[in-house]
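Visitor: All chains, full assembly: derive it from the sequences and hints.
Here the sequence shown stands for residues 1 to 124, where the numbers follow the numbering used here.
Note that these hints are calculated values from the structure, not bench results. Glycine residues also receive a C-beta, built at the ideal position from the N, C-alpha and C atoms. Heads up, a few of these hints could be off.
Calculated pairs, DSS-like style, for lysine-lysine (alpha carbon to alpha carbon, straight line, at most 30 Å) [to be verified]:
no., residue 1, residue 2
1, K108, K120
2, K62, K30
3, K62, K120
4, K61, K81
5, K88, K108
6, K111, K88
7, K101, K61
8, K34, K120
9, K101, K65
10, K101, K120
11, K96, K108
12, K34, K4
13, K96, K111
14, K34, K65
15, K4, K27
16, K108, K62
17, K4, K61
Okay, the calculated beta carbon distance ranges per label pair [claimed, not checked]:
no., residue 1, residue 2, range
18, K65, D115, 10 to 20 Å
19, V118, Q39, 20 to 30 Å
20, H24, K4, 29 to 39 Å
21, T25, T74, 32 to 42 Å
22, D104, E79, 18 to 28 Å
23, N86, V63, 17 to 27 Å
24, L122, L91, 51 to 61 Å
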Amino acid sequence: MNNKLFHYFIIFVLIVMNVFYLYHTNKLTKEINKLRTEQNRQTITLPLNQRTLEFLSLFIKKVLKAEREVDFDTRLMLENKVRELNDKEILEAWNKFVNSKSEDEAQKNVKDLLDILVDKSLNK
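Guide: Next up, the structure:
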């Protein structure tokens, strides 16, 4: 009888331990999945930031530092690059800049465009 009771006790302890480990395994699995999701989100975001920074750099070199009026090929290249970003807000700011009617309006619009590009690069 005593031996039987001991066996039941051991079985009970093993069952409790299994439930305990199962609970913690499930909890850790959820946390791992959450971390993987976050890592994937960051991996996807990084190239977008990189492309935004590349466009910003190109814009500064080809437009802001230009010694003379920007030629058609450069404008076309910038237009394609801004479309590749696939960002509605940046594209709208770009179109406002490109369609500016006066120099003052163009200066205001380029400031807005640069502000948006920097914000997007910093993930704000």
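Visitor: Evaluate each hint against the coordinates.
Guide: A quick look at each hint next to the structure:
1. Annotation: proposed proximity of K108 to K120 holds, straight-line Cα distance about 19 Å (limit 30 Å).
2. With a CA separation close to 48 Å, the supplied pair K62 and K30 exceeds the 30 Å bound.
3. Taken as a hint, the K62 and K120 pair is honoured in the structure, with Cα atoms around 20 Å apart against an allowance of 30 Å.
4. Of the supplied pair hints, the one linking K61 and K81 holds, its CA atoms being roughly 14 Å apart against a limit of 30 Å.
5. Between K88 and K108, the direct Cα distance comes to roughly 19 Å. Compliance with the 30 Å bound is thereby established for this hinted pair.
6. A distance of roughly 17 Å separates the Cα atoms of K111 and K88; the hinted pair therefore holds under the 30 Å criterion.
7. Pair hint K101 plus K61 holds up; C-alpha atoms about 23 Å apart against a cutoff of 30 Å.
8. Our distance criterion of 30 Å between C-alpha atoms is met by K34 and K120, whose separation comes to about 24 Å.
9. This hinted pair checks out: K101 and K65 have alpha carbons roughly 21 Å apart, not beyond 30 Å.
10. A distance of roughly 26 Å separates the Cα atoms of K101 and K120; the hinted pair therefore holds under the 30 Å criterion.
11. The straight-line distance between the Cα atoms of K96 and K108 is roughly 10 Å, inside the 30 Å bound, and the hint therefore holds.
12. Annotation: proposed proximity of K34 to K4 is violated, straight-line Cα distance about 45 Å (limit 30 Å).
13. Note on K96 and K111: the hinted pairing holds, with a Cα-Cα distance of about 11 Å set against a maximum of 30 Å.
14. This hinted pair does not check out: K34 and K65 have alpha carbons roughly 45 Å apart, beyond 30 Å.
15. In summary, the hint linking K4 to K27 is not supported, as the alpha carbons are separated by about 35 Å, beyond the 30 Å threshold.
16. Only pairs whose Cα atoms come within 30 Å are accepted, and K108 paired with K62 is accepted, the gap being roughly 18 Å.
17. With a CA separation close to 85 Å, the supplied pair K4 and K61 exceeds the 30 Å bound.
18. Our hint of 10 to 20 Å for K65 and D115 holds, since their Cβ atoms are close to 19 Å apart.
19. Between V118 and Q39 the beta carbon distance is about 25 Å. The supplied range of 20 to 30 Å therefore holds.
20. Between H24 and K4 the CB atoms are about 31 Å apart, so this pair conforms to the stated range of 29 to 39 Å.
21. The hint said 32 to 42 Å for the Cβ distance between T25 and T74, and at roughly 58 Å that hint is violated.
22. Range check, D104 to E79: about 23 Å between beta-carbon atoms, so the 18 to 28 Å window is met.
23. With their beta carbons about 21 Å apart, N86 and V63 fall inside the hinted range of 17 to 27 Å.
24. The beta-carbon spacing between L122 and L91, approximately 19 Å, falls outside the hinted interval of 51 to 61 Å.
Comparing the model with each numbered hint stated earlier shows that hints 2, 12, 14, 15, 17, 21, 24 do not hold.
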